[in-house]
Amino acid sequence: MSEVVKTSAPVSEGAHIAHPHEQAHEHHHETFVSKYIFSMDHKTIGKQFLITGIVWAIIGGLFSVLFRLQLGYPEESFPILETFFGEWAKGGQIQPEFYYGLVTIHGTVLVFFVLTAGLSGTFANLLIPLQVGARDMASPFLNMLSYWFFFLAGVVMLSSIFVHTGPASGGWTMYPPLSALRQAGDGQKLGADLWLISMSLFIISSLLGGLNYIATILNMRTKGMSMTRLPLPIWAMFFTAVLGVLSFPVLLSGAILLLCDRNLGTSFYLSDIVVNGEILPNEGGSAILYQHLFWFLGHPEVYIILLPAMGMVSEILSVNSRKPIFGYMAMLGSLFAICILAFLVWAHHMFVTGLNPFLGSVFVLLTLLIAVPSAIKVFNWITTIWRGNIRFTPATLFAIGFVSLFISGGLTGIFLGNSTIDIHLHDTMFVVAHFHIVMGVASFFGMFAGVYHWFPKMFGRYLNNTMAYMHFWVTMIGSYLIFWPMHYQGLAGVPRRYLDKRGWVSFNDFADLDKMITVVSIVVFAAQLLFVFNFFYSIFKGRKVRTANPWGANTLEWTTPIRPGHGNWEGDIPEVHRWPYDYGKDGREFIPQTEPVSAQETKSH
Amino acid sequence: MSTTTASVQQTKWWTGGKSPFNLEYGKLMMWYFLMSDAFTFGAFLISYGTIRFSQNFWPDPNVVFNAFPGAGHANLPLAFVSVMTFILIISSVTMVLAVHAGHNNDKKSVIKWLIWTIIGGAAFLGCQAWEWHHLITGEHAVLMDGRLDIVGQTTSVNPWGDLVTNEAAIAALAKTPHETLVSLAHLSDHNITHEAAMNMNHDDLMKTVSANLDALHIRKNGPVAFGGYFYGITGFHGFHVFSGVIINIIMLIMTQKDVFAKRGHYLMIEKAGLYWHFVDLVWVFVFLCFYLI
Amino acid sequence: MIHPAFEEVTEHHHVDDATFKKRVRNTTILLSVITVVELAIGLAIYNIHKGENPSELLVLMFKGMVCILTLAKAYYIVSVFMHLGDEVRNMIMTIVVPLLLFVWFIGAFIWDGSSYKNLRNKYDRHFKESTMPVKHGAHK
Chain A
1 MSEVVKTSAP
11 VSEGAHIAHP
21 HEQAHEHHHE
31 TFVSKYIFSM
41 DHKTIGKQFL
51 ITGIVWAIIG
61 GLFSVLFRLQ
71 LGYPEESFPI
81 LETFFGEWAK
91 GGQIQPEFYY
101 GLVTIHGTVL
111 VFFVLTAGLS
121 GTFANLLIPL
131 QVGARDMASP
141 FLNMLSYWFF
151 FLAGVVMLSS
161 IFVHTGPASG
171 GWTMYPPLSA
181 LRQAGDGQKL
191 GADLWLISMS
201 LFIISSLLGG
211 LNYIATILNM
221 RTKGMSMTRL
231 PLPIWAMFFT
241 AVLGVLSFPV
251 LLSGAILLLC
261 DRNLGTSFYL
271 SDIVVNGEIL
281 PNEGGSAILY
291 QHLFWFLGHP
301 EVYIILLPAM
311 GMVSEILSVN
321 SRKPIFGYMA
331 MLGSLFAICI
341 LAFLVWAHHM
351 FVTGLNPFLG
361 SVFVLLTLLI
371 AVPSAIKVFN
381 WITTIWRGNI
391 RFTPATLFAI
401 GFVSLFISGG
411 LTGIFLGNST
421 IDIHLHDTMF
431 VVAHFHIVMG
441 VASFFGMFAG
451 VYHWFPKMFG
461 RYLNNTMAYM
471 HFWVTMIGSY
481 LIFWPMHYQG
491 LAGVPRRYLD
501 KRGWVSFNDF
511 ADLDKMITVV
521 SIVVFAAQLL
531 FVFNFFYSIF
541 KGRKVRTANP
551 WGANTLEWTT
561 PIRPGHGNWE
571 GDIPEVHRWP
581 YDYGKDGREF
591 IPQTEPVSAQ
601 ETKSH
Chain B
1 MSTTTASVQQ
11 TKWWTGGKSP
21 FNLEYGKLMM
31 WYFLMSDAFT
41 FGAFLISYGT
51 IRFSQNFWPD
61 PNVVFNAFPG
71 AGHANLPLAF
81 VSVMTFILII
91 SSVTMVLAVH
101 AGHNNDKKSV
111 IKWLIWTIIG
121 GAAFLGCQAW
131 EWHHLITGEH
141 AVLMDGRLDI
151 VGQTTSVNPW
161 GDLVTNEAAI
171 AALAKTPHET
181 LVSLAHLSDH
191 NITHEAAMNM
201 NHDDLMKTVS
211 ANLDALHIRK
221 NGPVAFGGYF
231 YGITGFHGFH
241 VFSGVIINII
251 MLIMTQKDVF
261 AKRGHYLMIE
271 KAGLYWHFVD
281 LVWVFVFLCF
291 YLI
Chain C
1 MIHPAFEEVT
11 EHHHVDDATF
21 KKRVRNTTIL
31 LSVITVVELA
41 IGLAIYNIHK
51 GENPSELLVL
61 MFKGMVCILT
71 LAKAYYIVSV
81 FMHLGDEVRN
91 MIMTIVVPLL
101 LFVWFIGAFI
111 WDGSSYKNLR
121 NKYDRHFKES
131 TMPVKHGAHK
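So the protein sequences, as listed, match chains A, B and C. Take the first sequence: its position 561, counting from 1, is numbered 561 in this note's numbering, and each next residue is one higher. Take the second sequence: its position 167, counting from 1, is numbered 167 in this note's numbering, and each next residue is one higher. Take the third sequence: its position 6, counting from 1, is numbered 6 in this note's numbering, and each next residue is one higher.
No lab work stands behind these hints, which were simulated from the structure alone. Careful, some of the hints might be misleading.
[Unchecked claim] Derived Cβ-Cβ restraints for the label pairs, each shown as a range:
1) B:Ile-115 - C:Leu-71: 26 to 34 Å
2) A:Tyr-36 - C:Asn-118: 30 to 38 Å
3) C:Leu-71 - B:Val-151: 34 to 42 Å
4) A:Glu-601 - B:Gly-264: 56 to 64 Å
5) B:Asn-75 - C:Val-59: 16 to 24 Å
[Unchecked claim] Simulated crosslink set (PhoX-like; lysine-lysine; CA at most 25 Å straight-line):
6) A:Lys-47 - A:Lys-541
7) B:Lys-108 - C:Lys-22
8) C:Lys-122 - B:Lys-271
9) C:Lys-50 - B:Lys-112
10) C:Lys-22 - B:Lys-220
11) C:Lys-122 - B:Lys-107
12) C:Lys-22 - B:Lys-112
13) B:Lys-220 - C:Lys-21
14) B:Lys-271 - A:Lys-603
15) C:Lys-21 - B:Lys-108
16) A:Lys-223 - B:Lys-12
17) C:Lys-22 - B:Lys-271
18) B:Lys-107 - C:Lys-50
If you're wondering where the values come from, they're calculated on a predicted model, not measured in any experiment. Glycine included, C-beta positions come from ideal geometry on N, C-alpha and C.
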């Protein structure tokens, strides 16, 4: 299908005149600042995204431990909290405003800063040029700006935590009218403005990144790298970028309108409101409009988080079971289908807001359709490792864990996607359990799998395996222990976002369960700190990588030197002759993409 | 080298080593950026539509936009905005010519057409400033909370509600404060100067105003969202025009300094051109949503 | 014309000056004519509204026509001024196909907007009484 017919006019073949990305041979002077801080090397930028993401993950994770303490031990007081948080934890007990601040920042940080920037920022930057065979991103400069806008967004968000009135506390979705009115609470004062500014900066960062990823994947592929020879992580990043480029601007509009409502006296989202006995003049707006705008991004955002993990898991499972990926084209097709459906289903988050129920029923139909491509992917992953010669590296374990979590979290999505069942389950712990498993923990597993698998490429060293296995098993078992019981709580009607449920006699049965969840979440958080230690320890002291291709993988990144410089390949960029999944073919364990197809070879793909 | 031979059709665009669209990455990124910006504007305009569909009443644009600079109180619906539209279309044409001159490496023409484009953009911004100023400082008689008031179009008040019956207006006159009556008398009959009106007593004022009610076009206050969206969206568009003008000025300086001539191509101008046309394109839809329907 | 800086661009076409100028002139005239027609329709709507018994159907038809004319204008700006019409077919598709998302984007939002109006008219009497326009022909 894809033999190269080169009949176009002579392309100035020999004349590689001053191509901006062909400066590999030029050794221009690099200072510490230009190499590690304002770096334009996609690999360094990827590492910057990863390390910043890790820092944010620690903050976000720590916050969840804090509010889990409150949920598990509402009657207990922890004097140490007062030491650190002062009046926000008066008497060692987390105050309501602070609780909401913690939940809001936990959600925002993990969804946007860790699982969007930290995940696709890291691996899109690292993998796209390496796997498509390019010297760097299409525009290294805009790529650098993308990181620094992210950094700036982080600075603004971080500073909001230190504001006297506290950080934004309207939930990670920032629904008005609560978030639009300063009078509504301390967290709706400066903190909410900073939240909106931070998100706007983040959107700019993600647009700069996304445009770069798309342009690089389309334009910068090396010779022979047709679109159907791209490794699956690249396809996943491509669709992720498309999702981001088309949906983040809608959130930007929503955020700008919210900023106007907060600061300029407009009434986009406000109507008929009384706060503390004061009748507000605002009228004619619609709070549901904000939810539409938010979820028009918010739902694709779920896939922005999930798709890169899916792509990397596909690659890692295939490499480590020494078998071709099962159903490459089906994987591609289902990624594409998910990408399109992601834009059509946003209002399933809004079934009980007063959304027109007939409109809701259309959204139910579209939502349930997502089960089809998701199931295709799950079956393909399982058939890929089926009867494979599996090497249980930490990356493989995390990849398999991802599939497990994606199945169990995805199935509860079918419950929630039905608007009638959602009336009962909406805003209960069931929802918390669902999205943490399918989107939060699953994507984290994809990210861990990616880190363990590509760490040797990033730093030229291995992560410590013993710590890695401990990390995996604690996280795997712990995640299920934390989130599985929440389904039962939710079915029993326990609401989310409540900091103290002792007033409801019927929920008292769950007191011990909540204590257990809290204890396990502390253990799991400790396991993540173990990973962080392993990560930074191994950067300097890890076992050194001695061979260029330690996993015996086919893709192009393993044809570069062990520690590639800026420009990635020392000589010419290699040419590609086959798809990336020729494992266990014709009695050979793996055949790299750079190897020409020989005449005797059996036909595949 | 123009290769318009038959071989072109057989080019394998997707096999790697070249752009499948035959476009350099910068232009590709500009296109996709504009696409994402289209979603920003789309979201704004769709929000406007959503709110508009959630209201029982919406002002008729022909009533709102009927002024022309220097024409006093003449009723000229849509006249001024059509001038603005033509300014933007013509500046788009001059930009096309600048880009074309760049293709021909014709520095002189590039400079000429860029200057015209910048003038067009600045003129549009000037028009917009006048229109905003006119709307904000406008004086319209509105029946609010049972009495008459004189307000302009802001983000929190909308003077373009439904027309009020004469009976209701006269009933409201009784509750209207004296200062408002003075202004109303002046508004209802421009032969009465503001000073003359101030010297009239309360009853005379009421009589004058109620005799000239038809000239006042008294309305209820309309949907507040109208102002917010109008200023918000035309403001966001104006911000794009402004940044477009800045980009074009930078292009002009770079052209004059022979940056592109030394590079051998004027592709930067093409990208600036794409942005400028996009601004025009957005205006087409803003024009539709706010002024026509 | 070669762009030596971009090796990913492999083929170059060139339009001759005369054809190009003619195309730009024709498009300019076309855009102006469409705008004038749009304005005429806008004024027609104004006059219908001023009349004694405004026909809602006629107004709606006129508004629909303006929408179609606007799409035509957008088409000419994008295809001629922005040269999208001259690009490779697949490139055109990557721009046009994602724009189809607007269909559901607009449809669902507007649908829910008007549903919000109906809900309020049904359950919020004050809203209905204070905002529903009065038919003017009735009491003049």
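To see whether the hints hold, each was checked on the structure:
Range check, B:Ile-115 to C:Leu-71: Cβ separation about 32 Å, and the 26 to 34 Å hint holds. Our hint of 30 to 38 Å for A:Tyr-36 and C:Asn-118 is violated, since their Cβ atoms are close to 60 Å apart. With their beta carbons about 36 Å apart, C:Leu-71 and B:Val-151 fall inside the hinted range of 34 to 42 Å. Separation of A:Glu-601 from B:Gly-264 is about 45 Å and departs from the stated range, judged on CB atoms against 56 to 64 Å.
For the pair B:Asn-75 and C:Val-59, the beta carbons lie near 20 Å from each other, so the given range of 16 to 24 Å is met. Note on A:Lys-47 and A:Lys-541: the hinted pairing holds, with a Cα-Cα distance of about 17 Å set against a maximum of 25 Å. Note on B:Lys-108 and C:Lys-22: the hinted pairing holds, with a Cα-Cα distance of about 21 Å set against a maximum of 25 Å. Under the criterion of a C-alpha separation no larger than 25 Å, the hint pairing C:Lys-122 with B:Lys-271 is inconsistent with the structure, at around 52 Å.
Only pairs whose Cα atoms come within 25 Å are accepted, and C:Lys-50 paired with B:Lys-112 is rejected, the gap being roughly 47 Å. Among the hinted pairs, C:Lys-22 with B:Lys-220 is inconsistent with the structure: their alpha-carbon atoms are about 52 Å apart, more than 25 Å. A hinted pair counts as satisfied when its Cα atoms are at most 25 Å apart, and C:Lys-122 with B:Lys-107 does not qualify at roughly 66 Å. For the suggested pair C:Lys-22 and B:Lys-112, the alpha carbons sit about 20 Å apart, so the restraint of at most 25 Å is met.
In summary, the hint linking B:Lys-220 to C:Lys-21 is not supported, as the alpha carbons are separated by about 52 Å, beyond the 25 Å threshold. Of the supplied pair hints, the one linking B:Lys-271 and A:Lys-603 is violated, its CA atoms being roughly 45 Å apart against a limit of 25 Å. Of the supplied pair hints, the one linking C:Lys-21 and B:Lys-108 holds, its CA atoms being roughly 17 Å apart against a limit of 25 Å. Our distance criterion of 25 Å between C-alpha atoms is met by A:Lys-223 and B:Lys-12, whose separation comes to about 11 Å.
Of the supplied pair hints, the one linking C:Lys-22 and B:Lys-271 holds, its CA atoms being roughly 23 Å apart against a limit of 25 Å. Restraint check for B:Lys-107 and C:Lys-50: the C-alpha separation of about 54 Å exceeds 25 Å, so the hint is violated.
The structure shown violates the earlier hints numbered 2, 4, 8, 9, 10, 11, 13, 14, 18.
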